[in-house]
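Undergrad: Sequence:
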Amino acid sequence: MAGVAAHFKPRELLIHAPDGKTRTLVLDRDRYALGRSSTNELCYADDAGLSRQHMILERSGDTWTVRDLNSKNGTFVNGLKIDAARALGPNDRITAGHLTIEFAEKLSPAANTVVFVDANAPAVATSTTVATSLEGLLSDEKQIEGGPAMRALVRAGRELGGNMPLADLFNMIMDLSIEAVGAARGVLMTLEGEDLVVRAARGEGFRISGMVRDRVIKEKTSLLVRDARLDQAFAERMSIVQQQIRSMLAVPLQTDDRVIGLIYLDSPHFVHEFTKDDLNLLTVMANVAAIRIEHTRLAEVEQAE
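Residue 179 in numbering that gives the first Met the number 0 sits at position 180 of the sequence shown, and the numbers go up by one each step.
Fair warning: there could be bad hints in the mix.
[To be verified] Straight-line Cα separation of at most 27 Å, DSS-like style, residue types lysine-lysine; simulated pairs: (1) Lys219 <-> Lys275; (2) Lys80 <-> Lys275; (3) Lys20 <-> Lys80; (4) Lys217 <-> Lys275; (5) Lys217 <-> Lys20; (6) Lys71 <-> Lys20.
[Claimed, not checked] Label-pair ranges, simulated between beta-carbon atoms: (7) Asp82 <-> Val300: 44 to 52 Å; (8) Thr62 <-> Asn170: 27 to 35 Å; (9) Gly192 <-> Gln302: 17 to 25 Å; (10) Leu297 <-> Thr64: 44 to 52 Å; (11) Arg28 <-> Arg257: 51 to 59 Å; (12) Arg28 <-> Leu79: 21 to 29 Å; (13) Glu191 <-> Thr64: 44 to 52 Å; (14) Leu68 <-> Lys217: 42 to 50 Å; (15) Ala298 <-> Ser37: 54 to 62 Å; (16) Arg296 <-> Gln52: 45 to 53 Å; (17) Glu193 <-> Leu165: 39 to 47 Å; (18) Arg28 <-> Glu193: 55 to 63 Å; (19) Arg51 <-> Ala298: 50 to 58 Å; (20) Glu191 <-> Thr62: 43 to 51 Å.
No lab work stands behind these hints: they were computed from the structure. For clarity, every value in this text was computed on a predicted model and none was experimentally measured. Virtual Cβ for every residue (Gly too), placed ideally from N, Cα, C.
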């Protein structure tokens, strides 16, 4: 490949669209522009959240950077709006319009994957048996095939598997949740008696709809609102209108049939529209997190006694 250093590791983009479909693009050029205009290498003409010339990806040597082109709605990396060129690392998530773009090293079969074949089978036979281990999966999620959702779950399993104080655990769960779905901000609350108590937050000024709270806590329901302005149940609620909330996720922290709190994530100003896959992923992660919270609470009580 002309102009590419010999030591350069091939990388790829995983472009996740609002309809749940993912496009994989191997980065074999030095420059990719993205926007609604047909002059872009990555053209998404139907995405109203994008500007005509929205952002640009550029390679210099072995480093890729992303730069916003003064777009109307901005470009975000891992939930943070960028104002200048930003260097990218493996598994960074870029949000532009309704697109979530994951920057990753080109995936190859995991080193700890084992293929079993019959010792007596002909040499040309192909095995369909594959084996791996939990320890191997938790060692390095970047080698895991199956897309960002699988890698997010693997990372959650690894990070939540260790021992840490309850306060640190809450913050870890919050960070994992935001990163997993590309949210702009979020809050984790636990149920203490009849009250919800904030345990970790990224962002400020949260005013969560009472209807959202009641459905998550009382009905044990995970909620996805793709666009609150178009949803009759939310469009006229002041807690939604005043904060200009467009897309939100709310899931229960649930152990078996008991709810101990909730995780709420949102995306003001249409920074990112969440998908059903995001809802499913966050629901599973919240269940794992709730079990870990209960175990840590019990351990701290036993230690205190």
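Undergrad: Which hints, by number, does the structure contradict?
TA: 5 and 17
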